[in-house]
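Dock the two chains into a complex; use the hints.
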Amino acid sequence: MAIHSIYILSKDDPEARSLLSFFRRRGHDKLTNVMIERVVWLEGSFNMERLMPLFINPLYQVPAETSQLDPEHGPIVEIAYRPAVTDPETPSILDGAHALGEDGLLFARLSRRYQFCGLDEHEAKTLAAHFLYNKVVERIREPNEAVTTLRPTGNPDPVGKVSFEGLSDDELAALSRERSWYAPLSQMKVIQAHQKQRGRPYTDAEVEILVQSWSDHCYHTTWKSLGLLKRLMAATREINHPLVVSSFTDNAGGMDFVDGWVVTIKGETHNFPSSIAPFGGIATKHGGVIRDTLGFGKGAYPIGGTTVMGTMDPRMAESEVPAGALHPELIVSESIRATAYYMNPMGIPMMHPIYRCHPGYAKCFALGHSVGLLPKKYVRKDAPRPGDVAVLFGGSTGRDGVHGATASSAAMTGETLEKESAAVQIGHPITERRFTTAIPILRDSECIRTITDLGAGGISCAVGEMGADTGVEINLDAVPLKDKSLTAWEILLSESQERMLMAVPPEKLEEAQAILRRFEVASCVLGKFTNTGRLQAKWQGEMVVDLNMFFLWKSCPIDPTPTAPPQRHLAPLTILPPQSREEWGIVVCRLLSHYHCADQSPAGTRYDSTVQGRTAVGPYGGKNHRMPTNIYVSAPLRNKPNGVITTLAFNPFYGEIDPAVMARLMIWEAITKAVVAGTDYRQMVLCDNFYTPRVRPDTASELVAMVDTIADLSVEIGVPFISGKDSSSGTLEAGGKRIDVPPTLAVATMGRVSDVKKVVTKDFKRAGNRLLLLGRYDANILGGTVYADSLGQRGDSLFDAYDPISMKVQWDYLLELHAQHRYVSASAIAEGGMMLRLFEGAFGSGLGARVDVEGIPASRLDGLLFGEFIGACLLEVPPDFKIPAHLAGIRHQFIGHVTAEPHLTIARGGEVIWEESIATLADTWSETFREVVK
Amino acid sequence: MTQATTAILYAPGTNCHEETAAAIELAHGKAELVLLKDLIGGQTRLDDYQAAVVPGGFSYGDHLGAGRIFATMLVARLRDQLVRFLDAKKPLLGICNGYQVLTEAGILPGRTPGQRGMALLENQSARFEDRKVRMIVSKVKCVWTEGLAGQVLEMPSAHGEGRPLFCDSDAASAPRAVFHYGDEHGQPTMDYPSNPNGSPGAVAGVTDESGLVLGLMPHPERASLPGQYSQDGLRIFQNLVNWLNR
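For the record, the sequence lines run as chains A and B.
So the first sequence is numbered by the numbering used here: it starts at 1 and just counts up by one.
So the second sequence is numbered by the numbering used here: it starts at 1 and just counts up by one.
One chain only, chain B, in its complex shape (with noise of 0.2 Å):
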């Protein structure tokens, strides 16, 4: 059998891809860069693959506001091959600015392509913040954190707007939190610039109701390699490739 391969989708403006595919091979995962246009185009299916990652960056120089134009693009010429990977409950993740997409896309938190249910506002203190922070992973079931409940992971943080916004939606839908900026005590927290961007709740990553879909804004990609100062964000991949070789 061959290796189950991720899928890191990327596009004019990416700049994250190539440090997220590098994270999930030190996990012994295999990921294949795959270019937006390639997709619509038809030169490379989403069928092919069995998980995918949206990374960080400004897509399309974040015009119009982060995320939308690459969620544009997903919503309305890949929904049949985006519905399909739903269907067939094979986890996606979104960092940072692919957090932004999953939720302009409205695949987060409600799995409903073209529907969205929450909105990443800019920070509280209108800034861009760089920052390194601490995650707090709650019990909610998702396969991205099976087994990291209650454990704090330190990763760096780095973006511009990151300040959820949720709507009341049906418990079905509704955005269900992994991840919360935590103190120096590993509790949960509205300090700044503990939680960099006034996040509500102290909440910086959700995942949806089947827990295969995670948003996040920091980074677990540059909390992997051997060089950098926290290998904490690793773990979240040695979770996705678990999941896939199960």
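Just chain A, with the same shape it has in the complex (with noise of 0.2 Å):
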């Protein structure tokens, strides 16, 4: 069939220009100019003319049938997805060739022709292979290449056999290697028992199956083996919170909101992905904790999302990346990229954009949250039964992703960068938000029986799980496939995204294909659920799986994980308290444009925070909406005052110095964030999110010491965690050389106010107004903080002043104070302490701030500025604030009031220490990120 070419060149390319100043802000500088061809082949007998329109807009494009780039202004590299592969376009340019009435048009695919102006052929071969493409579905297309078609090709390889009869235990860890299973020797030898119970070898499909179902990803062995997730739920059982309407064992965790509905929430990092392929880490991140909403119960919505960074410094120099890690620049830009491309088409407003660094993060920390809603006769899943039908459906399945589960339980090593980049899956958000209308009318319409996403393990996990109790057997024929070269394991395993697995009763079947159809979502009819106790798997008309359930999920052996008390290093902080006036204006410009601290809008504008309509408080606020508000607040049912709060708390210096202490300040300042926002910390839930080192007998202990702390303490503020995740893999080993993640933890909170218009945000409200730092404070204890990081220092105590009865004191009388309208604005005391929400309070309101120390006691006036006293709050009350007579025990400070001048200034008396203008401030604020990812 014949093969046609357009060649199209808009007038006008902001993405050209924005490439060029990208590449030459990496160095690039004979770089003179990008141009960007994008190429449309279509396969079939059609009028060209009359599809046109559709490829072509001509106010801005021109077409044209060759190209009209000019070889001699620069090599030319064009990059186009592999044969085998299905472009994510073509199912639309079909769907438009068949509104233009020309169904003679067969296939279409697109490709990409990126003109390098100035430089040589390899140097624009190794920028886009960089930069510009995925090698796993994408290539470089070679000019004059010759195409007989477009449709994709490609043969599966047969099944093979394996066999672990007689081998030994070398030879069974030289096997796991090899075939990249990551499995442990204790694994392999159960698998090769239970071969010879069974009397036949394994195909390659069922040890696949087998080792990516026991890996730490899927099945957590690091945890089950200490115990940890059993701690966690047994805390939350013991609060047996009356809001709590599911914890733990669904794919996210459930809280009741009002008239009917439930809230949930759900976060899950995707380090592994993201540290060696950003771009397509980062939108699978998104696209994965929200399928886990989608599949909560019987189907949840999405209403909320997040994204927190943990990199190395990204202004770090080239020759410091440690071998086997990507450029932090590149991870976090290519991330903010990722975000924006899922979360924006997917409709999800972004609640919390975060970004930190430390320099243990060499293997990145992506963590992503997802808020759902829905009914709450829907919160609980039934049971399959023999008999129903299990259906696929969402995207099609290809080779993206294969290996996801066991590459990213294993440490990261300068070799995983290249050999399993095939881990990468790739994300269409298209897709997913297809099956985001559809699932809740499949839902209302009682066509799920049960429902759950396809993530780590594909297939064969989605499965392999819901027919646990039961038996399945599924026809791998009838999986649509992107990529026709996969074979049955990598079938069962490709963890492909944006699909979904349910569970339809027979009856309901031709109902469910029909709204699946009216929404556009490709599905099939995967199998059936039997009640054999047994996953089969038929594939080309052979039995490629059977596969006892018992032994795939009760079998696996959990190693015992040895623990000891970790060695620390640390040292005692020598900082001196700034001497003069410029001696301040230096550490605070330090602290405001450290990147913990600085304008993050750059990133977080990229992502759209109000679409849904129902952002009552979005993650920027203030008068000219750059302000970082640290709450995100959704009113879910339209024309209800009732809200959903979220708030964050995420800290990597903390672990370093005490990750017991860290984990126990996380949770007080995730809760007081919402508490001095007016949310009452006993209708509110917590999910847990932990990235620890690969497990040593330190780190383990580590890991022991943060969950006893959060199991305890939420027992004993009666405030539950309902969901959480857990990666024991933030290693990197290359060049000789080990470097661990700090041990983190950042807790989410989720709760409920009762009028959103009632939330009290950081922005000043009036000139006049006092500003009191309500709660305990030291100037003494600097360790961890942000000014000591801005010193190159990190120190050896963290501010830990708080106990459960203390806290909970101070959080009562804080709601108190809120309900009886008591305080105008207020904020959390957090990284870059009190400085930091002076500045922020002013910037956002357009007024300033005058503190004046004369009386407080403090030893020094730089830690009680700077110092981040977890717990304690900054308020603006009017000038006639009294303390009440009867909590005379807690903290009172005033230090100072709101001035009509945007200034900041602090006195001491009528001597000014120091002073600047907010706009001088501001400017200083807002560089750090400008720099990093424009």
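FYI, nobody ran anything at the bench for these hints, they're computed from the structure.
One or more hints might be untrue.
[Unchecked claim] Which bits of chain B does chain A cover? Going by a derived footprint, with three or more residues having C-beta under 8 Å, they are:
| hint | stretch |
| --- | --- |
| 1 | 45-55 |
| 2 | 61-70 |
| 3 | 128-140 |
| 4 | 212-222 |
| 5 | 225-235 |
[To be verified] Chain B stretches covered by chain A per the calculated footprint, using a threshold of three residues with CB under 8 Å from any CB of chain A:
| hint | stretch |
| --- | --- |
| 6 | 13-19 |
| 7 | 74-80 |
[Said to hold, decoys possible] Derived DSS-like pairs: lysine-lysine, alpha-carbon spacing no greater than 27 Å straight-line:
| hint | chain 1 | residue 1 | chain 2 | residue 2 |
| --- | --- | --- | --- | --- |
| 8 | A | Lys125 | A | Lys11 |
| 9 | A | Lys11 | A | Lys30 |
| 10 | A | Lys640 | B | Lys37 |
| 11 | B | Lys30 | A | Lys508 |
Here the structure is a predicted model, which is why all the values come from computation and not from measurement.
Each residue gets a CB set at the ideal place from its N, CA and C atoms; glycine is no exception.
Okay, structure coming up:
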């Protein structure tokens, strides 16, 4: 069939300009211009004239039959999907052509031609390979390549047999390594013993299923061995909170909301893929955690999301980047592009965009949350019954993400970057968006017995888990493939994104399929649930998997995890307080321009924060909508004042000093952020996400200490964890060096507020109001602070002043003040201390603040202003505010007042110690991130 | 008499249809979600509605260009209904991606399905821009902004391709600027990010000769409901309801 092509140039191309500046910023000074030409490839017989409006808008696009780029101007690199892979745009093009009456168009593909003026061909290809395509699914198309068909071609490998018989321990270990199974010897031996018992060798598909189902990523072997999940679940059970409707057992946790609705929360990390291929890794981080919401109960609807990134310092020199790791600037900028690429088309508002750095994040921390909404009556899944139909829907299955589960469970090494990049999935939000619309309708039509998403382990894991108590028989030939060369085990294990699995009662099948068709969601009948207790899969007439469910799910050996106290090498701080006005100016600038305190809106404003029309308080607020609010408030039910508030605490510095104290502080910080805004901590739930180094006795001991701390604490304050996730793979080993991530715990809160209009934000409200530091402080403890980090120090102790009782007393007091409208702006003290809050409150209001330290008992002024007194908060109160007599026991320290002049002033009595205009400070504060991302 | 109903047209990738319907209902109008596929399949007809909105989102994943495929469907499969709709002088609103659809389809500015007279290009910053903007309402006749001339409306804006490109056209089919991005003093501005996409002349929304068809990049439906930071957008929907009730 004839192949036609159209070469399209845009008369105005901001993307090309942006690429040029991106590359030049990365030191490619020889590059003088970038041109992008888009090519449409079409196969079939059709009227080209009639198709043109689909491909060309003549107002700004110029088509031609041959390339319009002049090769004289520089090398051209053309990037296209691999022949075996279908372009994501192909169905849209065929739909459009069909609408135009051109049914003779059989297939279509796109490619992009980049011209790099000023570079040689080798340099151009290197740049393209690094930044412009993913070699798992894309490739460089050579000039004058003969094309006979555009349709995907390729042949699958036959099913292989693997025998474990007679293999020694060494041979078993070697086999595990060679096949990229990353299975420990104990598992290999159990699989070997089972072969003897069942009397026949395994197919490759069977072993692949076993090792990935038992990987740390899927089976959480580390956590099981240390008894950690049980510990958290027991704590939540003990609290027995009336609002908790689902905890830890489903794809997310659920909290009762109002009027028969439930809100859900889940946090998911995607550290390994994001470290080796940030764009794909981050896009699918969002796609995956959103599917956890869709796969909660009988299907929840996503109403908010976050992105939290921990990397090395993006400003580090290229030469300092450890072997085996990507430059953090690339990880951050690619992650921003990916979050925008995925979240915006999904139509899910961004709640918290947070970026932090630490030299330990050679293997980055990539966390995303998803908050969902569903009617309470659909909170529980039903068990599938024999005869129920397994329906797979969403995207087609491809080569992307094969071995993702096992690879992410392993430590990252220099070779991983090359070897396992196939483990990275590719995300296509439009596919997920289609079923996001369809799922609530399927659910409300009672078509769903149970539903789950396909994530790690792909079809095998989803089907295997759903049918664990019954048995299930599937037909792999029914699976729509985007890559025709996939063999059975690859179809089973592929982690292609945007796929869901549901069990449908047989009498509902037709209705379910009609709903899916109406919303243009592709689906197939994958198989049916049985009563055999076996996982069975057929492919091309052959039974390629026949595994006993009991063996699959109950026989994984859990190796004991020894623990031993960690050695710490901490040094006390040696920071001298600033002595002069100039020195004050320098330290304040350092603080405000620190990566953790600086204006991150150049990233955050790339994400839609108001879509769905539910946003009451977004991530940025204040007069100019650039002040970080540190809270997100949604009004999920239209025309109802009730709100859901979320907050986050994540600090990579504290864990280095003391992981257990850090864990406590994260809880204090996250909850105080919400309480100070007016949320009752008794109407709140928590979500934990751990990221720790690869398990060794010392790191295991730290992990246990952190989990013990938060489990005990949650019981003592009565605020339960309802969902969480852990990853113990935060170690990069390369070039004889080992880099561990700092012990990391991100705590998210989700709480109910009765009226979103009563939420108090941090921007100052009125000149003349007094500023009150409420709570405990200690100006001598500066360990782990941004202030210390900005001076290149960490310290040896953390501010840790609250026990559960004193913390609760203070929260109760805050709630009382809030109920009486006694304060008008408020923020919890966290990174950057009081100084950052003073600046942000002023910046967000157009007002200023004057701090007068005369009479304040503080040994050092820098400690008072920069100390991170987690648990304390800064309140703006009317001038006539009186401390209630019965609460004089809570520490109140008036520190100054709000001024009409937009200045920040630190004074002692009449003497000005330091002063600066908010505008000048804002310039400093705005610079850091702009440099990083643009 | 039954209440006039506004069709909210949505397709795969549209993601602002529910809040748009909610805003119209809050303005005491009646809105119905209408799937483009059902219109093409004949299950529903545009003739049954007295007004229509194409809401925001990423219809068909923005494949081949923002709004391109949705517009192709409208022009190729629903041209007759569309022409009848326009001839019957029914109001039509395109928000964000819906505005892109209306320009790609040639409905804005010239009311000529299949003949494009303007385009919405990638933002000057080459990035998606999530901002809160001020919209200065011009004196141009438009049923959606009646009585609002001179006022400044605050609403969110969130898009990657919103920079209009106008081409020479006769007076009848020329775009008429209804909204301009304003600075803090209420003056039209070219300053980023108050003008988030680099729109020449700070044009944020246009209408056609009849004043019935309006396209704008920012989102009035996200500044309508009580929980939202501004309710300025509701006035646009109230104008629709007033017009329909006339």
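Tested hints:
Beta-carbon proximity to chain A at under 8 Å applies to 0 residues in the stretch 45-55 of chain B; the threshold of 3 is not reached and the given coverage is violated. Coverage of a stretch by a chain is defined here by at least three residues with a beta carbon nearer than 8 Å to that chain's beta carbons; for the stretch 61-70 of chain B and chain A the count is 7, and the condition holds. For a cut-off of 8 Å, the count of residues in the stretch 128-140 of chain B with a CB near a CB of chain A stands at 5, and the three-residue condition holds. Evaluation of the coverage hint for the stretch 212-222 of chain B: fulfilled, as 3 residues show C-beta separations to chain A shorter than 8 Å, against a requirement of three.
Judged by the Cβ-Cβ criterion of 8 Å, the stretch 225-235 of chain B is covered by chain A as claimed, because 5 of its residues qualify and three suffice. Counting residues of the stretch 13-19 of chain B whose beta-carbon sits less than 8 Å from any beta-carbon of chain A gives 5, enough to reach three: the coverage restraint holds. With a threshold of 8 Å between beta carbons, the proposed coverage of the stretch 74-80 of chain B by chain A holds, since 3 of its residues qualify and at least three are required. Our distance criterion of 27 Å between C-alpha atoms is met by Lys125(A) and Lys11(A), whose separation comes to about 25 Å.
Restraint check for Lys11(A) and Lys30(A): satisfied, since their Cα atoms lie roughly 24 Å apart, inside the 27 Å limit. A hinted pair counts as satisfied when its Cα atoms are at most 27 Å apart, and Lys640(A) with Lys37(B) does not qualify at roughly 32 Å. As the CA atoms of Lys30(B) and Lys508(A) are separated by approximately 32 Å, the hinted pair breaks the 27 Å bound.
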